Every structure is written in structure tokens, then in C-alpha cells.
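One rule links them: number in the working numbering = place in the sequence shown (from 1) + 5.
Careful, some of the hints might be misleading.
No more than 25 Å apart at the CA atoms, straight line, and that leaves these computed lysine-lysine pairs for PhoX-like [to be verified]:
no.	residue 1	residue 2
1	LYS9	LYS73
2	LYS74	LYS8
3	LYS73	LYS19
4	LYS10	LYS73
5	LYS73	LYS8
FRET-style restraints, in silico, Cβ to Cβ [claimed, not checked]:
no.	residue 1	residue 2	range
6	GLY42	GLN75	34 to 42 Å
7	ILE16	PRO39	21 to 29 Å
8	ILE50	ASN78	37 to 45 Å
9	TYR47	ASP17	17 to 25 Å
Just so you know, the hints here were simulated from the structure itself, not pulled from any lab data. Fair warning: this is a prediction, and the values are worked out from it, not measured in the lab. Idealized CB from N, CA, C, for every residue including glycine.
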Amino acid sequence: MEKKKLHGLMIDFKNYAIILLAVSTFLYIGVVIPDQGKSELYDIILMVSTIALLVISFLCFKRSLFYKKQYDNIEE
6 MEKKKLHGLM IDFKNYAIIL LAVSTFLYIG VVIPDQGKSE LYDIILMVST IALLVISFLC
66 FKRSLFYKKQ YDNIEE
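Using the sequences plus the hints, can you model the full thing?
Right under this line is the structure:
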């Protein structure tokens, strides 16, 4: 049971990280694409959101690695 739970958590956090990485990429593309009527506040909000999602994605990858190490220790 513990082994299955750790494996599930490892996969879940990895999937969360990949999704957050993809969303942050789309937000960054929104900053890079030129738009005539776009205000500077719009760009700032998009960049702050992009950075926040990248940080959260990194933390999810880190958590997934933590669960993977625990999972590997159980197998030994």
C-alpha cells in the first residue's frame, strides 16, 4: 500500500509540474507577441504569473524527486 501511494504521488507531482510548465510557456508567449493596444500592466501581470508558475513547477518537480527517492529506498 505504501509503495503504491508513493508511486502515485510521484507521478501526480510530475504531471502537475509538466502542466504548470506548459501554462507558463503560453503566458510567456503572450508577453513576447507584440500587441498595439496592450498596456504595460498587462505585461507585468503576465510575467509575474509566468515566474510564479515556473517556481511552483520547480517545487513540484522537486517534490516528485523526493517521493521517487523514498520509493527507491523501499524497493531496496
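Status of each hint after checking the structure:
{"no.": "1", "hint": "LYS9 / LYS73", "verdict": "holds, 12 Å"}
{"no.": "2", "hint": "LYS74 / LYS8", "verdict": "holds, 12 Å"}
{"no.": "3", "hint": "LYS73 / LYS19", "verdict": "holds, 10 Å"}
{"no.": "4", "hint": "LYS10 / LYS73", "verdict": "holds, 11 Å"}
{"no.": "5", "hint": "LYS73 / LYS8", "verdict": "holds, 10 Å"}
{"no.": "6", "hint": "GLY42 / GLN75: 34 to 42 Å", "verdict": "violated, 51 Å"}
{"no.": "7", "hint": "ILE16 / PRO39: 21 to 29 Å", "verdict": "violated, 39 Å"}
{"no.": "8", "hint": "ILE50 / ASN78: 37 to 45 Å", "verdict": "holds, 42 Å"}
{"no.": "9", "hint": "TYR47 / ASP17: 17 to 25 Å", "verdict": "violated, 33 Å"}
In this structure, the earlier hints numbered 6, 7, 9 are contradicted, and the remaining ones agree with it.
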